[in-house]
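Colleague: Going down the list, the protein sequences come from chains A and B. Residues 265 to 721, numbered by this note's numbering, are exactly what the first sequence covers, in order. Residues 265 to 721, numbered by this note's numbering, are exactly what the second sequence covers, in order.
Just so you know, not all the hints are guaranteed correct.
So these bits of chain A aren't anywhere near chain B, every CB distance computed over 12 Å [to be verified]:
#1 300
#2 309
#3 314
#4 347
#5 497
#6 530
#7 589
#8 628
#9 629
#10 631
#11 655
Result set (DSSO-like, lysine-lysine): computed pairs, CA atoms no more than 27 Å apart in a straight line [unchecked claim]:
#12 B:358 <-> B:593
#13 B:418 <-> B:593
#14 B:624 <-> B:593
#15 B:697 <-> B:686
#16 B:358 <-> A:697
#17 A:697 <-> A:686
#18 B:418 <-> A:388
#19 A:697 <-> B:593
#20 B:358 <-> B:388
#21 B:599 <-> B:656
#22 B:599 <-> B:624
#23 B:388 <-> A:418
#24 B:418 <-> A:418
#25 A:593 <-> A:686
#26 A:599 <-> A:697
If you are wondering where the hints come from, they were derived from the structure by calculation, not from laboratory data. C-beta atoms are modelled at their ideal positions from N, C-alpha and C, and glycine is treated no differently.
2 protein chains.
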Amino acid sequence: VQPLVSSLSALLGAEKVLSGDAIGDDYTHDEALCGERHVPLAVVLPSGVDDVRRVLVWASDNRVPVTARGAGTGLSGACVPRANGVVVSFERMKRVLEIDTENHVAIVEPGVSLEALNAAVAEKGLVYPVFPGENSATLGGNVATNAGGMRAVKYGVTRHHVLGLEAVLATGEVIRTGGKFVKTSTGYDLTQLVIGSEGTLALVTQVTLKLVPLLRHSATLLAPFPTLDEAVCTIPLLVVSGVGPLLVEYIDRMTMMAITAQSGVSLGIGADMQASTEAYLLVVVEGRTADRVDEDTQLAGATLAEHGASDVFVLPASAATQLIDAREKSFWAAKRAQASEVVDVVVPRASLPEFMHQVKAIAERHSTFIPGCGHAGDGNVHLAVFERDPDKRYALMRELFEAGRRLGGVISGEHGIGVEKKRYFLELEDPAKIALLRRIKQAFDPNSILNPGTIFD
Amino acid sequence: VQPLVSSLSALLGAEKVLSGDAIGDDYTHDEALCGERHVPLAVVLPSGVDDVRRVLVWASDNRVPVTARGAGTGLSGACVPRANGVVVSFERMKRVLEIDTENHVAIVEPGVSLEALNAAVAEKGLVYPVFPGENSATLGGNVATNAGGMRAVKYGVTRHHVLGLEAVLATGEVIRTGGKFVKTSTGYDLTQLVIGSEGTLALVTQVTLKLVPLLRHSATLLAPFPTLDEAVCTIPLLVVSGVGPLLVEYIDRMTMMAITAQSGVSLGIGADMQASTEAYLLVVVEGRTADRVDEDTQLAGATLAEHGASDVFVLPASAATQLIDAREKSFWAAKRAQASEVVDVVVPRASLPEFMHQVKAIAERHSTFIPGCGHAGDGNVHLAVFERDPDKRYALMRELFEAGRRLGGVISGEHGIGVEKKRYFLELEDPAKIALLRRIKQAFDPNSILNPGTIFD
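Assemble the whole structure, with the sequences as input and the hints as a guide.
Modeller: What follows is the structure, given as structure tokens:
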């Protein structure tokens, strides 16, 4: 082991290699609620693409597993290293290389955080609209998991905003894909293939991102519904109304209680109404002018009221910001409540009511409760599972995933498979597809050094 | 040869197999302007996925090349068969299987034309917004080439509207990818990998498409500019103005003369102004209400006028439809004028002025003229090349592609590589990427039966 670390230090310079006690606890895990931690052989801190290239050639030569790491905010264990491997942490590659206002494009290094990116582009009247809910997350990590979040109902996910990549193959070649344009029919789309591959196909060293104009006006509506069913049945109607909402979230009563308690936000909803509410819809509309936002607020409000909302509140800006912020942090509320796992199944949005019925039935069958909230406009549900026993938890989660799949959905809408969902993925997915994915993996990474054990074994 | 055809007929039934004189001329070519034609061994007309599966197993066993065909409207020769191969023509698989208004999704067989799809979904107030300009084209063909067209500046290209596929692998396995949702982080994105692969990775038997609400109001602006440079310099300003145009096309004087003459459309622009115009911008805005369209028309018109337009005409609906229709058909005008090749380079939209300068210089160097028009909002230019001599044409086209690549662009924005652009692609593209594409091809198609010779040899 020690000779390997020495050779790595000799290759890159000692200041770019951490080993032994210098490896902080953070590098051993991400934010997945249950899952193994591993201390890697070494942590490498590249300062540019050439360092990354050299690490990968070295790792190929020595057959050392390599795990890429952004901010470590993932929820599926995809950046948890192997004990015999190295972590490539992109924390020093965090330059915004270019903001191109004519083409509406930013080019960033993978260690740039969403917060830093949006601060830089806001000055130019632009925004990177993908909003996975954790601003400290990096663009490199977002690309690896194809991060989604609340605004996907309007803007899509990471995949829809990455126009090109610079990436290093396992064998050390540096490739560039795509560019500052939306249209290309010039060979297979390597950009899209690397996005969502969770560090198993290539290491991304630059990301070309599509930006959109920052719309200055918005309004936030909160609608309590007596039943979860009425709330989720209203979602497709809202999305097809033409209002083009920026986000449509559902929050069940238990989750709303947890996040309002934690954040201290006051919604101005009386205790009686709260008691008779099973779920809330949170809707944001945005526009170029205040008039358009007012018009869309009317239209959205009318749709909510017509389909069973007990009331429709247009929240003051400060309360809106607080509530959305608290909703983003609902994962931490679940963690604090000692949830054992968080599920992010996606189903067709019109199948959400049926899915939620089945979730309720599964919870009853397992004598537990499964609170949740979700990116309802996209059919993407976040459910907190409380079950300490691994076998029982496995059985319960597998039922949730099977229910989602039967309705035409998939296991993960945005968190990724990583190591945490791998067992379910391999058991439930079509073996012909798994075999094909393995052959693609082999085409990129013949020595299996890139994040082995993630997505599949 | 004959025993192969007999075994195919025995396998599928004679009514699904054409051979010999029964193979019409159409099956031997697409619409590429120059390029070889080949009469295949047989044409297979599957009626469902099981037929496709059986053909591919048979072709794998017998090592027979298989070329998929939609409407044959492609421009790169990607559906031209091998003489020792079979064509799988999807003309009998043209059912719209489902229009799901709650999820805004249509599921179609590959032989459905854009015209048939949009007729079916318009009744529900929806539209499939990708508009490659040839309504007889099929969705299967659109998926194969990742077709783009005029509306990409607002809605993106085929890739952005395909949510899932059913596809048959070369080895006969039927896989299903994606579904009725936008978000998924569940293994590598096979949907996106198959899109744009020009029939070389898998045969698509079902396509799940994202639809959008049909906006009832629109306006069409036509702005003549004294110089091409002023016209193309205005484009990024228009796109970033916030108006969100549905399309931004430039049309040079020569192309405008050809398409107006051919279509008979009258633009109401005086002879003097026409004579002092080097290029036109054609801009369409659309919206949910007439008020919004009026507002956006004002904004777009002001931007055009401020940046050098000689005038701004808001076209009457009938003239607008005629002109856009004629613009779509400009390829046929070029064909009639005996153009030898059409180029569809894409560059970053802000680099269009520089690219057009270089095109002019290249034309002068080669003592020719290169008229054009293009999806300017996307930096996607269509240039007609008039040069009969193959070596000179090669030299000229290579210069055009190199100029585009130096500006950060790619060879093809929407037509694909096919067989026509293969030489340029293989010569100009990074060999490490080509090698990777070949390994991916091998992962899908170990016996190289799917459209061999397309994209690469």
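Colleague: Hint by hint, note whether the structure agrees.
Modeller: Quick rundown of the hints versus the structure:
1. With a cut of 12 Å on Cβ distances, residue 300 of chain A stays outside the contact zone with chain B, its closest approach being about 21 Å.
2. Every CB of chain B lies more than 12 Å from the CB of residue 309 of chain A, the least distance being 26 Å, so the non-interface label holds.
3. Distance to chain B confirms residue 314 of chain A as a non-interface residue, since its nearest Cβ pair spans about 16 Å, more than 12 Å.
4. Residue 347 of chain A, annotated as away from the interface, keeps every beta carbon of chain B farther than 12 Å; the closest lies near 25 Å.
5. With a minimum CB-CB distance of about 10 Å to chain B, residue 497 of chain A fails to clear the 12 Å threshold, and the non-interface call is violated.
6. No Cβ of chain B approaches the Cβ of residue 530 of chain A within 12 Å, the least distance being about 32 Å, so the stated non-interface status holds.
7. Listed as a non-interface residue, residue 589 of chain A keeps its Cβ farther than 12 Å from every Cβ of chain B; the least gap is roughly 21 Å.
8. Even its closest Cβ contact with chain B, about 26 Å, leaves residue 628 of chain A beyond 12 Å, as expected for a residue assigned away from the interface.
9. Against chain B, the non-interface label of residue 629 of chain A holds: every CB pair exceeds 12 Å, the least being about 25 Å.
10. Distance check on residue 631 of chain A: its Cβ is at least 29 Å (rounded) from any Cβ of chain B, clearing the 12 Å threshold; non-interface status holds.
11. Distance to chain B confirms residue 655 of chain A as a non-interface residue, since its nearest Cβ pair spans about 24 Å, more than 12 Å.
12. Of the pairs offered as hints, the one joining residue 358 of chain B and residue 593 of chain B holds, with about 24 Å between alpha carbons and a cut-off of 27 Å not exceeded.
13. The suggested pairing of residue 418 of chain B with residue 593 of chain B holds, with an alpha-carbon distance near 21 Å, which does not exceed 27 Å.
14. The straight-line distance between the Cα atoms of residue 624 of chain B and residue 593 of chain B is roughly 24 Å, inside the 27 Å bound, and the hint therefore holds.
15. For the given pair, residue 697 of chain B sits about 14 Å from residue 686 of chain B by alpha-carbon distance, which is consistent with the 27 Å threshold.
16. For the proposed pair residue 358 of chain B and residue 697 of chain A, the alpha carbon gap of about 26 Å is at most 27 Å, so the pair holds.
17. A C-alpha spacing of about 14 Å is found between residue 697 of chain A and residue 686 of chain A, which places the hinted pair at or below 27 Å, so the restraint holds.
18. Restraint check: the Cα-Cα separation between residue 418 of chain B and residue 388 of chain A comes to about 21 Å, which is no more than 27 Å; the hinted pair holds.
19. For a cut-off of 27 Å, the pair hint linking residue 697 of chain A to residue 593 of chain B is broken: about 41 Å separates their Cα positions.
20. Proposed proximity of residue 358 of chain B and residue 388 of chain B is supported: the alpha carbons are some 19 Å apart, at most 27 Å.
21. A threshold of 27 Å between alpha carbons decides the hint, and for residue 599 of chain B with residue 656 of chain B the separation of about 19 Å falls inside it, so the pair holds.
22. Between the alpha carbons of residue 599 of chain B and residue 624 of chain B the distance comes to roughly 21 Å, so the proposed pair stays at or under 27 Å and holds.
23. For the given pair, residue 388 of chain B sits about 21 Å from residue 418 of chain A by alpha-carbon distance, which is consistent with the 27 Å threshold.
24. Between residue 418 of chain B and residue 418 of chain A, the direct Cα distance comes to roughly 13 Å. Compliance with the 27 Å bound is thereby established for this hinted pair.
25. In summary, the hint linking residue 593 of chain A to residue 686 of chain A is supported, as the alpha carbons are separated by about 25 Å, within the 27 Å threshold.
26. For the suggested pair residue 599 of chain A and residue 697 of chain A, the alpha carbons sit about 34 Å apart, so the restraint of at most 27 Å is broken.
The earlier numbered hints that this structure contradicts are 5, 19 and 26.
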